[in-house]
Amino acid sequence: MKILRILLILIPFFSFSQNKISGKIIYKYRIVKEVFNSDKKSENIKSVFKGFSENLENSKEKISFELIFNQNESYYKMIKKLESDHDKGLNFAILIIGGKEELYTNIKDTIRRKRITAFGETFLIDNNFKNSWKLTQESKKIGKYTCYKALLEKKFTDFYNRQKKMLIEAWYTPEIPVNFGPKGYGNLPGLILELDQGGIVYYAQQIELNKGKNIAINLPKKGKIISEEEFSNMFRKTDKKRKNKKF
Amino acid sequence: MKKVILSLVFVLATGGALMNATSSSIAIVKTYCDEVYSETRDAVTAATGSDYIGVSAAIAAENACMDEMEIE
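In the order they appear, the protein sequences are chains V and G.
Numbering follows numbering that gives the first Met the number 0, with no gaps: position 83 of the first sequence is 82.
Numbering follows numbering that gives the first Met the number 0, with no gaps: position 68 of the second sequence is 67.
Treat the hints with caution; some may be incorrect.
[Claimed, not checked] The calculated label-pair distances, taken between Cβ atoms and stated as ranges, are:
id, chain 1, residue 1, chain 2, residue 2, range
1, G, 30, V, 213, 54 to 64 Å
2, G, 33, V, 49, 14 to 24 Å
3, G, 33, V, 87, 13 to 23 Å
4, V, 150, G, 29, 38 to 48 Å
5, G, 23, V, 217, 54 to 64 Å
Hints were generated in silico from the structure; no laboratory data involved.
Source: prediction; values computed, not measured.
Every residue, glycine too, gets a C-beta built ideally from N, C-alpha and C.
The shape of chain V in the complex, shown without the other chains:
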């Protein structure tokens, strides 16, 4: 029964996947739970984290992301706002929401490339395209689309060298048969219309589809190509240097 159900979900995906499709999705975000855990923190830190949450809440109308895609490739980036350079709260929100990163994905050649400017240099970070999503049968309607829930455990190492996990929840629709989504997430049997990462929900606000049409998307090439581990180590070194300077 479970297999039959999964097959039924996948049928539209395979039947449409031979046709050309392209489009543009505008994603916005909303906050659904406390993003910065302030349990057991001092009153001062609680107040700092409250300020961070207010920054996120107050900036949500000003921040949007654009995902353009064709059958095999996608490009995800923030839509630039002129005012962002001088507003510290907005700049902080942009950083947390992932607005300083641009993401190119190519499912045919299994490329996922992140473009980030840091330390005055542009870096092109290549990372693993495959995500081990756990597909579920839970469904809901988002607009006119039937979406299914998928879960992903993202592993990371904290600054005390402890292995941590965070749970990412995606709602994808097989009715739009492309494997993309916000923040470079994808590799699901349909477009991700909603993605919850740590209480920040990225949701599709506008969907434009061009069936039978193709659009060109280019792999970003200008910048220093670096692995995710090397990029991460640059920031760990900056953090260590700061500690050594202090003591």
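For chain V, the structure is supplied; the task is to place chain G on it using the hints.
What follows is chain G alone, placed relative to chain V:
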């Protein structure tokens, strides 16, 4: 002459105390902003799963903390 020396001693003594008070306030603020740095780094890394965002946010928060306290 004795009066002048006594006044000078007084000025030096109060000046020294003031300087001690100032450097002790700076140390308190620096300790506080340092706490803001580490707590922000850890909380943001936990929320985003990205050490790049964690460290960048921590640097921004520490700078804002120092600016707020008017310390260079």
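Outcome of the hint check:
Distance hint for residue 30 (chain G) and residue 213 (chain V): a CB-CB separation of about 58 Å, consistent with the stated range 54 to 64 Å. Evaluation of the 14 to 24 Å hint for residue 33 (chain G) and residue 49 (chain V) yields a pass: the beta carbon distance comes to about 20 Å. Between residue 33 (chain G) and residue 87 (chain V), the C-beta spacing of about 20 Å keeps the proposed range 13 to 23 Å intact. Between residue 150 (chain V) and residue 29 (chain G) the CB atoms are about 43 Å apart, so this pair conforms to the stated range of 38 to 48 Å.
Distance hint check for residue 23 (chain G) and residue 217 (chain V): the Cβ-Cβ separation is about 57 Å, which falls inside the suggested range of 54 to 64 Å.
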